[in-house]
Every structure is written in structure tokens, then in C-alpha cells.
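All chains, please: the whole structure from these sequences, using the hints.
One letter stands for each residue in the lines below.
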Amino acid sequence: MLAMRLLVLAGAFSLVVNVSSAEDAVIGYVKTVDGDAVVLVAGKATQAEPGTPLQRGNVLKTGKPGSMGVTLKDNTVMSLGPDTELVVDEYLYSPSDGDLKLGASMRRGSLNYISGVIAKLKPEGVSLKTPAGNIGIRGTHFLVTVEAKD
Amino acid sequence: MFLSFCDGNGSALGWAVLITVVLGVAGCAKNYVVLLPNDDGTTGKVAVAGREGVTLLEKGREGAAIGGPAGKTFMVSDEQIAEDFGAALAASPQKPVSYLLYFKAGTDVLTPESQADLPEILAEIQRRPAPDISVIGHTDTMGDAAENARLGLVRARSTAETISQLGGSIISPDRISIESHGEKNLRVSTPDNTDEPRNRRVEVTVR
Numbered sequence: 003m004l005a006m007r008l009l010v011l012a013g014a015f016s017l018v019v020n021v022s023s024a025e026d027a028v029i030g031y032v033k034t035v036d037g038d039a040v041v042l043v044a045g046k047a048t049q050a051e052p053g054t055p056l057q058r059g060n061v062l063k064t065g066k067p068g069s070m071g072v073t074l075k076d077n078t079v080m081s082l083g084p085d086t087e088l089v090v091d092e093y094l095y096s097p098s099d100g101d102l103k104l105g106a107s108m109r110r111g112s113l114n115y116i117s118g119v120i121a122k123l124k125p126e127g128v129s130l131k132t133p134a135g136n137i138g139i140r141g142t143h144f145l146v147t148v149e150a151k152d
Numbered sequence: 019m020f021l022s023f024c025d026g027n028g029s030a031l032g033w034a035v036l037i038t039v040v041l042g043v044a045g046c047a048k049n050y051v052v053l054l055p056n057d058d059g060t061t062g063k064v065a066v067a068g069r070e071g072v073t074l075l076e077k078g079r080e081g082a083a084i085g086g087p088a089g090k091t092f093m094v095s096d097e098q099i100a101e102d103f104g105a106a107l108a109a110s111p112q113k114p115v116s117y118l119l120y121f122k123a124g125t126d127v128l129t130p131e132s133q134a135d136l137p138e139i140l141a142e143i144q145r146r147p148a149p150d151i152s153v154i155g156h157t158d159t160m161g162d163a164a165e166n167a168r169l170g171l172v173r174a175r176s177t178a179e180t181i182s183q184l185g186g187s188i189i190s191p192d193r194i195s196i197e198s199h200g201e202k203n204l205r206v207s208t209p210d211n212t213d214e215p216r217n218r219r220v221e222v223t224v225r
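Order-wise, the sequence lines are chains A and B.
Using this note's numbering, read the first sequence as starting at 3 and increasing by one per residue.
Using this note's numbering, read the second sequence as starting at 19 and increasing by one per residue.
No lab work stands behind these hints: they were computed from the structure.
A virtual CB, placed ideally from N, CA and C, is assigned to each residue, including glycine.
Don't take each hint at face value.
Said to hold, decoys possible - Computed far set for chain B versus chain A, every beta-carbon distance over 12 Å:
hint : residue
1    : L54
2    : E80
3    : K122
4    : G124
5    : S132
6    : I154
7    : R175
8    : L184
9    : D213
10   : T223
To be verified - For each label pair, taking beta carbons as the anchor points, the in silico distance ranges come out as:
hint : chain 1 : residue 1 : chain 2 : residue 2 : range
11   : B       : Q144      : A       : V43       : 52 to 58 Å
12   : B       : T129      : A       : A44       : 45 to 51 Å
13   : B       : A123      : A       : L42       : 48 to 54 Å
14   : B       : V72       : A       : L42       : 30 to 36 Å
15   : B       : S95       : A       : K151      : 25 to 31 Å
Listed below in C-alpha cells is the structure:
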């Protein structure tokens, strides 16, 4: 019984470890910054700079005036205009294992998006959510603008 | 009413001007997507969720309202793109560039031609602000898969080391990611145990 409890505990612990390592993985870097631009990690804002690493779940936020460009590991390029908020909620990039997924949410603002390897290999694995509706990406370059809902 | 302004449809144009004047800039609902041509001249596709279905964009500068009527698209002028997306476009990072370097059979020794390509890669790294690179090693199908996974890694590591040594401080080691696809990702597809120089390579991507 005790052994079983220990096993369960060990299982839960290893699960926690796995999850945190996936969250810690760097998925890309900030490359350009102009004006007011921050990266929020667990709600805490740090000024974005070229070279700031990005992890899944980080919030990219620009002020007015402000803009920021990022490049992800699969060569996805995204740049945010002023007063924009974007999160990469899901990111899996392991082409040799076939694990490919990119899910981002844009709350408001303007975005320039050039898709990368994930969209090329698995277009159905890429989506951009906005408050007004979702956008599916089939390997391409496009722009999105979203009005603030407040 | 706002949507018909966004449609940019000829008959609504007169009204559009009026609506813009009356409602000001906020008159046009700014929830839309515009497709742009790719650098290579091709154009991809974007599916935009509409009210009763999906709107597919397939042409350059073709736009659709997010959550608008399904299937309804409009053309967006360069002026409108500059107004709504000028700052976002100006902030765009340079697109990543990839290079292939080739190796002598069974080794991590670069061919003389690929050795000669190294300065160009270093120059590209130097041109970029806050560069990061990935180095992916590949092999041909000679020998067994496990051994080739190892050889791919040896090739990727030695290439990364060479770039670090030649590049000095232009790229920090923590900005270099290294992996191996072994014989799983052939550039030229061959049967097993085939000597194929074009498969003995690393792919270096500069971001």
C-alpha cells in the first residue's frame, strides 16, 4: 500500500517535472523592439529587448507607440504593431517525431504573420484565435487587426 | 453598415466616406485579415471564421472580416494596409535563412565546397540583431539507423563548434541549438545502405 502510494507520488512528481520542462523550453526570441514593448511571464512584465527569450504562455504586449518582432524556432515570424497583445498558448516543434502545433491568441491590435515550418508540415496544427473568430493558416504571409473588446 | 464600408465595394463607397466622417475612424470595425503575397511570388491561403462558415482568402491583398458573412471578401488598398499595419510591417524581423553544408562519407569533415560556404553563414549571423541558429545533422542510409543518428549529431556538433570558433563573439553558444535527424530525413530519397553525398549534410538556419 505504501509502495503504491510512493509510486503514485513519484508519478505525480515526474508529471510536474515534465510539464515544467516543456514550459521552460525556449520557443523563440524577440528580434526587434521599438518604443513600449514588454514580455509578461506569469503576469510579471519585463521590457522586451532584441534577444529576450520567449516561452510558451508568455504575453507579448506593445504600448502606444510601440512595436515588436519575434522569430520562433520553426521560422514563424510575427511582428506586432502598437497597442497589441498576443500569446503563444501552444507550441510543439519536433519535426522528427511529428509533434507539430502552434496555437496563438490575439486579444487586440495589429499583427504581421509569416508562417514557418509547422504550417508547412501540418497546416491543420496552426491556429490564431481572436475575440471575433479564429483564423486557420495554410502556409502564408498575412496581416490581422483586432479591435479591443472593452 | 460598417462591414459594407470595409468591403470597399464600389456602390457603398459614397456612403463609406459619409460614414467615416460621421463615425470617425472607429466607424470601420477593425477586425479583419488581409492575405499578402510571399516573397517568392506565390500566395498561400488563410481561412477566416465567419458567422455561418469559413471565408477562404487566396489572392494577394484580399481581405475578410473576422466573424463577418462567410465567403465575403474585399480588396484592401496599399494605403489602407500602410495605415492599419505600417508599424507592424516595419517591426518585422528578417526572415530566417537556411544553408546546407555537405560532408565526406562517414565523417564530420566538410567537403571543400561547403568549407568555403562558412564565411557567408558567418556574415549572415553578423548582419542580424540578436541572432540564434539551429544546426540539424543528417546522414545518408549507409550503415544502421542508430549509428547514423549518432553521426548526424557529431556532424551538427562539429559544425556548431566551427561556427563558434570562427565567429568569435558574434553568436553565444546558448543561442545555438543542435539536433540530429540521422537517416530519417533524406534530402534525396534512396534505398537503405546507399552512398548519397547529397544526404550527408547539416542544415544551418540563421534567425
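- Message: Name the hints, by number, that the structure is in violation of.
- Response: Of the numbered hints, 1, 2, 6, 10, 11 do not hold.
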